Amino acid sequence: MFEPFQYEFFVRGLAAATLVGGLCGLIGVYIVLRRMAYIGHGLSHAVFGGAVASYVMSINFYIGASVWGFLSALLINMATRKRKIGADAAIGIVTTASFAVGIALISRYKTFTRSFDAALFGNILGVSQGDLVAIIAVSAAVAAMLFVGYKYLLFTTFEPEVAGFYGVPTGWVDTAFALVLAATIVVSMQVLGVTLIASAIVIPPVAARLLTNDFGVMVALSTILGAFCGLGGIYLSYFIDVSSGATVVLFSAVVFLAAFAYNTVRERFLSEGASGRWLGRAPGSQ
Amino acid sequence: MLHPRPHEHLEREPLLQLRGVSCGYGGRAALRDVDLQIMRGDWVGLLGPSGSGKSTLLRCILGAVDVYRGDVLFQGRPIAAARPRIGYVPQLETIDWQFPVTVEQVVMMGRTAEARWLPWFSGADRKLAHGLMDRLGILRLARRHIRELSGGEQQRAFLARALVSGPKLLLLDEPTAGLDITTRDEILHLLDELNHQDVTILMTTHEINAVAAHLPWVVCVNGRVLAEGTPSQVFTPEILKLVYGGDIPVTTYQGMTLVAEQPHHFGRNGADV
Numbered sequence: 290m291f292e293p294f295q296y297e298f299f300v301r302g303l304a305a306a307t308l309v310g311g312l313c314g315l316i317g318v319y320i321v322l323r324r325m326a327y328i329g330h331g332l333s334h335a336v337f338g339g340a341v342a343s344y345v346m347s348i349n350f351y352i353g354a355s356v357w358g359f360l361s362a363l364l365i366n367m368a369t370r371k372r373k374i375g376a377d378a379a380i381g382i383v384t385t386a387s388f389a390v391g392i393a394l395i396s397r398y399k400t401f402t403r404s405f406d407a408a409l410f411g412n413i414l415g416v417s418q419g420d421l422v423a424i425i426a427v428s429a430a431v432a433a434m435l436f437v438g439y440k441y442l443l444f445t446t447f448e449p450e451v452a453g454f455y456g457v458p459t460g461w462v463d464t465a466f467a468l469v470l471a472a473t474i475v476v477s478m479q480v481l482g483v484t485l486i487a488s489a490i491v492i493p494p495v496a497a498r499l500l501t502n503d504f505g506v507m508v509a510l511s512t513i514l515g516a517f518c519g520l521g522g523i524y525l526s527y528f529i530d531v532s533s534g535a536t537v538v539l540f541s542a543v544v545f546l547a548a549f550a551y552n553t554v555r556e557r558f559l560s561e562g563a564s565g566r567w568l569g570r571a572p573g574s575q
Numbered sequence: 099m100l101h102p103r104p105h106e107h108l109e110r111e112p113l114l115q116l117r118g119v120s121c122g123y124g125g126r127a128a129l130r131d132v133d134l135q136i137m138r139g140d141w142v143g144l145l146g147p148s149g150s151g152k153s154t155l156l157r158c159i160l161g162a163v164d165v166y167r168g169d170v171l172f173q174g175r176p177i178a179a180a181r182p183r184i185g186y187v188p189q190l191e192t193i194d195w196q197f198p199v200t201v202e203q204v205v206m207m208g209r210t211a212e213a214r215w216l217p218w219f220s221g222a223d224r225k226l227a228h229g230l231m232d233r234l235g236i237l238r239l240a241r242r243h244i245r246e247l248s249g250g251e252q253q254r255a256f257l258a259r260a261l262v263s264g265p266k267l268l269l270l271d272e273p274t275a276g277l278d279i280t281t282r283d284e285i286l287h288l289l290d291e292l293n294h295q296d297v298t299i300l301m302t303t304h305e306i307n308a309v310a311a312h313l314p315w316v317v318c319v320n321g322r323v324l325a326e327g328t329p330s331q332v333f334t335p336e337i338l339k340l341v342y343g344g345d346i347p348v349t350t351y352q353g354m355t356l357v358a359e360q361p362h363h364f365g366r367n368g369a370d371v
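Listed in order, the protein sequences are those of chains F and C. Note that the first sequence covers residues 290 to 575 in the numbering used here. Note that the second sequence covers residues 99 to 371 in the numbering used here.
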């Protein structure tokens, strides 16, 4: 049971996956409630373009990819403000174009010595000490920003336009959120990979939503579930010898199914009257 | 019937003034040459058919539409510079009822701009919000999810959010839309009570008899301001034809001027008229 903990790389990977899971779960609440679930998937692809570009230009990966991701998120925000373009379409345009830049650079500079497999599919066992430090720093910064901006984010997420009428600086809130989102995606790439980040951003908040009707509780629950999925997925992957990123996602899917089943059973008990009183009111039910 | 007080103006300077305002979206004016004055303590209803520009007028005051010409002044200053506290109650149909917020969380949103650097609300803010919720009869529902409330309770929750921000002007977009007769009556009496407590109200409605006829002052809008006055002054066949583009007979019932829909086949089970 404790066998994997004797390996330093495993402990490092486990810590990284737990932190990234919690981080994605935390930020995912705002993304899911803004009905922009696809942005995690799209932005991770956009950041891939930035990662390749930063490599070509010999810029530090974290800086290059973060700036690229931030600019992509801002572009999506700008495009979404145009009434004629929906968020989903804006995400589709910006992120695929950005991803294509990465592919174009790879095909143009065929002398690449670096493999981007890890960026695409994640390589938890390849998490270095430096990566872990970056994950810890970003997690602390994002948590601090979301904590301080809690009131603003809640109102802006609930009613973006009305929040502005009540004096909330929604433009700044969106910009700050784009920054923390880009940073989250960049540090998560090494752990989960471009193709699997979306699940870490979407599944924990959706599962949390099934369990509560309270925004504050949902934020806490989603963070805990995300961290739990990261921890449980990596730990399980050691024993079943399956790719770590895939195991984290599958483990998350099982957690979602459990939350879904619990919610369904609770709704059924409630609809049957007094027998369900002890369960409380099911979120999403009336 | 409510108790519309006379349109008495305690101050000479308007609280809100629109002078020759043309505004709209994407270069297309939805409202033209609007001249309007709202005095402190007024309760004004904006009446007009769907798409007439009622909500656009509210959004113009809130700075959410493009102003192509004219001035929007608040206590004599351009509204963008004055940045007054305005309580806004959106149409309930625009709310995401699946969003995980409780009644208390919604009401507290009205205090978001206070204590900017703290993630939580102060004790004074909470006390203020609880006092208002108690006054509006929704304190017992504080922990409930917003979707679990009745239409009237939901309207009260959003009204409480607007009031808790300490507004100088209250803007309501169709506050009685979709409500049953009893709830609509409750909301109108609540607004009447607030107005008598010196809350200035500007609200949109498309309900002539049910809502506008009870208000002290009505502004008829359809692309521009076509008429304004007390209901008995503006509810004339001529003005209503100008606003709605059709013949609408007017009648009087217990001292109230009401409009009567023209008889037609629909609703008469096909019987000949």
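For the record, the hints were derived by calculation from the structure and aren't laboratory data. Computed from a predicted structure; not experimentally measured. It cannot be assumed that every hint is accurate.
[Stated by the list, open to error] Distance windows between CB atoms, simulated:
hint, chain 1, residue 1, chain 2, residue 2, range
1, F, Ser-560, C, Gly-353, 13 to 23 angstroms
2, C, Pro-217, F, Thr-464, 39 to 49 angstroms
3, C, Tyr-166, F, Gln-418, 52 to 62 angstroms
4, C, Gly-161, F, Ile-529, 43 to 53 angstroms
5, C, Thr-334, F, Thr-385, 26 to 36 angstroms
6, F, Gly-460, C, Pro-217, 38 to 48 angstroms
7, C, Leu-216, F, Leu-363, 19 to 29 angstroms
8, C, Leu-216, F, Leu-546, 37 to 47 angstroms
9, F, Thr-385, C, Tyr-123, 25 to 35 angstroms
10, F, Thr-464, C, Ser-220, 22 to 32 angstroms
[What the hints assert, rightly or not] Partial pick of chain C residues on the chain F-facing surface, computed with a CB cut under 8 angstroms:
hint, residue
11, Leu-160
12, Phe-197
13, Met-207
14, Gly-208
15, Thr-280
16, Tyr-342
[Unchecked claim] Just a sample of chain F residues kept apart from chain C, beta carbon distances all over 12 angstroms, derived:
hint, residue
17, Val-300
18, Ala-304
19, Leu-360
20, Lys-440
21, Thr-484
22, Pro-494
23, Phe-504
24, Ile-513
25, Leu-525
26, Val-554
Every residue gets a Cβ at the ideal spot worked out from N, C-alpha and C, and that includes glycine.
Does Thr-484 (chain F) clear chain C by more than 12 angstroms, comparing its Cβ with all Cβ atoms of that chain?
29 angstroms, holds
Using Cβ atoms only, decide whether Leu-160 (chain C) comes closer than 8 angstroms to chain F, and label the hint accordingly.
Interface hint status for Leu-160 (chain C): holds (5 angstroms vs cutoff 8 angstroms).
Classify the hint on Gly-208 (chain C) as holds or violated, based on whether any CB of chain F lies nearer than 8 angstroms to its CB.
6 angstroms, holds
Is the gap between the beta carbons of Ser-560 (chain F) and Gly-353 (chain C) within 13 to 23 angstroms?
At 50 angstroms between Cβs, range violated.
Given the hint of 38 to 48 angstroms, check if Gly-460 (chain F) and Pro-217 (chain C) actually sit that far apart at their C-beta atoms.
Since the Cβ atoms of Gly-460 (chain F) and Pro-217 (chain C) sit about 20 angstroms apart, the hinted range of 38 to 48 angstroms is violated.
Satisfaction of the Met-207 (chain C) interface hint, Cβ to chain F closer than 8 angstroms
5 angstroms, holds
Can the suggested window of 39 to 49 angstroms be confirmed for the beta-carbon pair Pro-217 (chain C) and Thr-464 (chain F)?
For Pro-217 (chain C) and Thr-464 (chain F) the Cβ distance comes to about 19 angstroms; the hint is violated.
Mind checking the hinted window 25 to 35 angstroms against the Cβ distance between Thr-385 (chain F) and Tyr-123 (chain C)?
29 angstroms, holds
Closest CB of chain C to the CB of Val-300 (chain F) still more than 12 angstroms away:
33 angstroms, holds
The hint names Thr-280 (chain C) as touching chain F; please verify it with the least Cβ-Cβ distance against 8 angstroms.
20 angstroms, violated
Between Thr-464 (chain F) and Ser-220 (chain C), does the beta-carbon spacing fit 22 to 32 angstroms?
27 angstroms, holds
Verdict on Ala-304 (chain F) as a residue remote from chain C, using beta-carbon distances over 12 angstroms:
27 angstroms, holds
Consistency with the previously given hints fails for numbers 1, 2, 4, 5, 6, 15, 16, 20, 22, 23, ordered from lowest to highest.
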